[in-house]
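K.L.:
Based on the provided sequences and hints, a complete structural model is requested.
Keeping their order, the protein sequence lines are chains A, B and C. Read in this note's numbering, the first sequence has 10 at position 10, and its numbers run on one by one without any break. Heads up: take any position in the second sequence, counting from 1, add 317, and you land on this note's numbering. Heads up: take any position in the third sequence, counting from 1, add 732, and you land on this note's numbering.
Some hints here could point you the wrong way.
Derived contacts from chain A toward chain B, CB cut-off under 10 Å, selection only [claimed, not checked]: (1) Asp96; (2) Glu163; (3) Gly264; (4) Gln271; (5) Tyr284; (6) Tyr289; (7) Thr306.
Here are a few chain C residues that sit away from chain A, every Cβ distance over 12 Å (derived from the structure) [said to hold, decoys possible]: (8) Gly740; (9) Ser744; (10) Glu757; (11) Glu791; (12) Thr931; (13) Arg955; (14) Gly967; (15) Gln989; (16) Gln997; (17) Glu1001; (18) Leu1011; (19) Ile1037; (20) His1080; (21) Gly1085; (22) Ser1090.
Rather than coming from a laboratory, the hints here were simulated on the basis of the structure. Given the structure is predicted, the values throughout are model-derived calculations rather than measurements. Note that the Cβ used here is the ideal one computed from N, Cα and C, for glycine as well.
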Amino acid sequence: MKTHRNTKARFVFLLPAAVWVLTFTIFPLVYSLYLSVHKVETKMNVSREKVPMLDASGNPVLDAKGNPRTKIKINREKISTWTNIGFTNFKRLAEDPQVHSAIKVTSIFVLVAVPSQLVLGILLALLFNQRLWARSFLRAVMLLPIFATPLAVGYLFFTIFYEEGGPLGFLGVPFLSHPDWALFSVILVDIWQWTPFCFLVFLAALQGIPNELMEAAKMESKSKWGLFANIIFPMLTPTIVIVLLLRLAEAIKLFDIPFALTGGGPGVATQSMSFLAFRTGLRYFDLGYASAMSYCLLIIVMIIVTLFFRKLRQSYA
Amino acid sequence: MVGAFWYGDIVPNGYAFPIDDFMTTGEYPQWSYDSMPQSLKTLHTWEGVGYGVLNDGDGQVLYYRRDALANPEWRADFKKEYGYSMPVPPKTWQQMLDISNYFNGKNWDSNDPDPDSGTVLHLKVGEQGHYHFQSLSASFAITPGPELDQHHNVYWFDPTNMKPLINSPGHVAALEFLQELHKTGPSAQVGWSLGEAWDYFLRGKSVFVFSWGDVGSLCQDTSRSKIQGVCASSILPSSDTYYDHKDKKFVKTTNPVKVGNTTGGSWHGVISNYSANPEATYSLLSLMAIKPASIWLAQNGWTGVDPGFTYQFLEPQGEAGLGEYLDAGWSEADVKDYLKAYYETFFADTFLPYLRIPGSFEYWDILDKNLSATMSGEISPKQALDNTAKTWEQITDRLGRDQQLGYYQSAIGYK
Amino acid sequence: MAEVKLRGVKKSFDEVEVIHGVDLEIKDQEFVVFVGPSGCGKSTLLRMIAGLEDITAGEIYIGDTYVNDLHPADRGAAMVFQSYALYPHMSVRENIGFGLKLNKVPKAEIQRKVDEAAKILKIEELLDRRPAQLSGGQRQRVAIGRTIVREPSVFLFDEPLSNLDAALRVQMRMELEKLHANLNTTMIYVTHDQVEAMTMADRIFILNDGYVEQVGTPLELYRRPANIFVAGFIGSPKMNFLSVKVLEINGQQITLQLPGEDQMQLHRENINFRVGDILTLGIRPEHFELEQSKECFLSATVDMIERLGNETYIYANDASDNLLTVVGDGELDVSSKEKIKIHFTTDHCHLFGRDDQSIQ
Ligand SMILES: Nc1ncnc2c1ncn2[C@@H]1O[C@H](COP(=O)(O)OP(=O)(O)OP(=O)(O)O)[C@@H](O)[C@H]1O
Ligand SMILES: [Mg+2]
Chain A
1 MKTHRNTKAR FVFLLPAAVW VLTFTIFPLV YSLYLSVHKV ETKMNVSREK VPMLDASGNP
61 VLDAKGNPRT KIKINREKIS TWTNIGFTNF KRLAEDPQVH SAIKVTSIFV LVAVPSQLVL
121 GILLALLFNQ RLWARSFLRA VMLLPIFATP LAVGYLFFTI FYEEGGPLGF LGVPFLSHPD
181 WALFSVILVD IWQWTPFCFL VFLAALQGIP NELMEAAKME SKSKWGLFAN IIFPMLTPTI
241 VIVLLLRLAE AIKLFDIPFA LTGGGPGVAT QSMSFLAFRT GLRYFDLGYA SAMSYCLLII
301 VMIIVTLFFR KLRQSYA
Chain B
318 MVGAFWYGDI VPNGYAFPID DFMTTGEYPQ WSYDSMPQSL KTLHTWEGVG YGVLNDGDGQ
378 VLYYRRDALA NPEWRADFKK EYGYSMPVPP KTWQQMLDIS NYFNGKNWDS NDPDPDSGTV
438 LHLKVGEQGH YHFQSLSASF AITPGPELDQ HHNVYWFDPT NMKPLINSPG HVAALEFLQE
498 LHKTGPSAQV GWSLGEAWDY FLRGKSVFVF SWGDVGSLCQ DTSRSKIQGV CASSILPSSD
558 TYYDHKDKKF VKTTNPVKVG NTTGGSWHGV ISNYSANPEA TYSLLSLMAI KPASIWLAQN
618 GWTGVDPGFT YQFLEPQGEA GLGEYLDAGW SEADVKDYLK AYYETFFADT FLPYLRIPGS
678 FEYWDILDKN LSATMSGEIS PKQALDNTAK TWEQITDRLG RDQQLGYYQS AIGYK
Chain C
733 MAEVKLRGVK KSFDEVEVIH GVDLEIKDQE FVVFVGPSGC GKSTLLRMIA GLEDITAGEI
793 YIGDTYVNDL HPADRGAAMV FQSYALYPHM SVRENIGFGL KLNKVPKAEI QRKVDEAAKI
853 LKIEELLDRR PAQLSGGQRQ RVAIGRTIVR EPSVFLFDEP LSNLDAALRV QMRMELEKLH
913 ANLNTTMIYV THDQVEAMTM ADRIFILNDG YVEQVGTPLE LYRRPANIFV AGFIGSPKMN
973 FLSVKVLEIN GQQITLQLPG EDQMQLHREN INFRVGDILT LGIRPEHFEL EQSKECFLSA
1033 TVDMIERLGN ETYIYANDAS DNLLTVVGDG ELDVSSKEKI KIHFTTDHCH LFGRDDQSIQ
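P.N.:
Laid out in structure tokens, this is it:
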């Protein structure tokens, strides 16, 4: 009897969360999968009729001659036809040069930006973990980029990379007008924005390593590299895996920086997968194809995440 | 507010509310499609039914520095170098390129001590780069003729089968030309949108910019512009060589026809069928369309509204008096040029047809990305336009070739 | 194998000086214990020897080497930490062999040394485990093993037993002593537990507030504490202290007024006080007796009795309401509120002057 009541109570308490997940996670997933294998054509049948014009309290509005005025009421009937087109959209993915280019752009971005952020984050964390002049001030400055909105960061760097008289103009570097440089600039901005996050987490992890442990190691060897490779790095590994995972999942979704900085250009040199999906879905209104792209992206992220969690679980076991 | 290129996506699907009935009741501020050139009127209607309320007329004209081109020393030097005297304004794109080349890298403008450029372009991907190409390439790629038929006065697709024309030799030649022109400006402009390019011209850094009407009125805003009074304008030059689609060859001409354009969105109000109060919406939109509001909008650059309507043009072509513009702070020389340039652009005999079919934006966007890739040196012009044509075929097939062909024919008036 | 010398060693953290000039010499193969109350600077001193703290002033020698500027790993010292400081991601074997591995000792030799140490410490069957899978005592052994394999000339221990339970502590204490006997290496051992100090040390260094109060063998310190601090610190239960007034000085014979009516006579060679001065008399609880009458006695009232079985602690108030502790045998017949006479001999009396120093 009692357990029965318990299950019921549990169910009641879980319900809001379940509804939340169903509405905002599962439903969009299923819907977009459905969308990706269909062609949707929406037509509207419209008819108009004249109806009496009423004021706020429901009385008829009269014209200058005292006759009741009319207004037009629009009757709409929306007709959506969903035609199953199988995996056409997924086949298109395989053949679409824009998709290939976007995958390339996204991959280069992820493979350069994320490791750079991690390495820089660790180096900075090591630096700040020591006694350092004006440490807390510098640390606060270091963390500022975290608080900036990515979109705003994109626009900010647009002015910084401005080639005609911008602050870096004297370098003569075609930051945004050359395809390779443009991708590099996007990567640079992402590094600028996200290294502090990695730094912060690694610093916390470093400070979590007991002092006596480091001292014990220090008494055994004076090789700084040896200590880093054998003590610090292994002890940071779980943190590194988590940060790597977070950054990978986030970086694969790269969108806002190209959106604000380069518009995906020049050409498609900085058009990422998400950016392409965005343009396809919300600019071309080719929702089915955009869903297919998003699914493709989702699957890639899922594979990576799964691999990582497996690795993580192993390292904890 | 919609761009004219949306019509193909919103009207056939039943999203737009026809306004012809409202226009005749006399209960609303009175304006008329007759105040528009035919070229703009077309953009406000779909298959003979009116949907759009007059607001902004878009089209690109050429702006040039009156002072630089008039300077006798430069003129003499130019003649020595190029063997002909500098025409003002240039009649052909090729002349304009010579002039642009000539001035590029020289410090001909005294606003700063640095060298200045020839032509500034706004080429940022996803923004207005492809519009440059449209207006420029029109006179390279359109075969002029008295009638619109399969080969004449067409630009986008073959009106008999929807095969893209965008990679025709004329289009390719135009893109190659645009690359040359790009070399006479700052290389950073590959990543520039309107603001950066206009600002460059307004600061006196380039001889030429070809763009929308905003530039003409921004020239008059002395808080941003250093060139009021020397900001001249004209209809866009034409190419001295065009491609003949019928005979499949280039034709060189000494007196190319002027080609008008309505390049841009000609952004204006269309009432949605979701409107609860179409009457009120229409009332507001037409209030903004009548002369007092409209002329004020056209005179002020920051509004983004450009001239195109009879009451904005000077007498005798239009109804506006010069005094109104002078009162609004315009330089007389500038405004005369400006309104003449727009008049010629909108009333030209040969015209760049406007792409108004379902998916217009997607077609353009593909073009835009490929253009941008060309301008940044990634791929060749031929390759870019071939890619574009290939993708356009896929879009057409996806959206339905017959349907697209029908809309295309009616949009350009092919019979 | 080396001796350790400190000359005028001082340590300040920022502006605060916590070690005020320590001079000490530790002989080769000696087992010395630094003992003192919490915060007195024992760990700091040890860590300076280890090289984990900068030396503000003074000189430290290990053997004949001046080590002030040497890296901790180069000083020939190995340390066992209170928290053991084992590397959690390494097996026991790796933990013990870590220092050797980093110092590029051949694998076979590492293996041999680790096995040897494991045998000494009886942890052979634990070699493949991770620290998290060990008990506290086992971890302690691993930490010691890690120091043994490095064959240091000085072992440093910072309260290595304080995380263990009482029984284990006793056992480990003896094992450490054996280890010392086996290895014959200089060992410096920090603790605040005077029992550990008394049982293990060849010599004890008593620290207080950044000063060395007294140095000596455990029995020397017990028998002849140099001042009130040492007298109170060594010995358990704590020594009783009474305020006494000098009534008469007759050559080297002095008469003291005990609390209440009682008086006593004492022989001292070093008369550095005058009649009327108030001095401190110290007598250990185990030197008080209730039954046998001795040369001197005190009157008191029993306040509380604690019976431990083998002995009895009696807490009694003297005439000035000073609480005295008496240790008697387990069967002692005494009851609360009872008036008692506490007997003692002058041999067991420690007399301290107004400067707290012992008067001989
Ligand atoms: N890093 C430090 N910064 C500032 N003061 C310190 C630091 N380390 C120790 N001290 C101070 O130095 C004094 C001696 O500390 P130490 O750790 O040597 O004491 P200890 O004798 O080992 O005490 P315990 O028995 O509690 O371990 C204390 O007053 C302590 O507060
Ligand atoms: Mg300590």
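K.L.:
Could you check the structure against the hints above and give me the numbers of any it violates, in ascending order?
P.N.:
7
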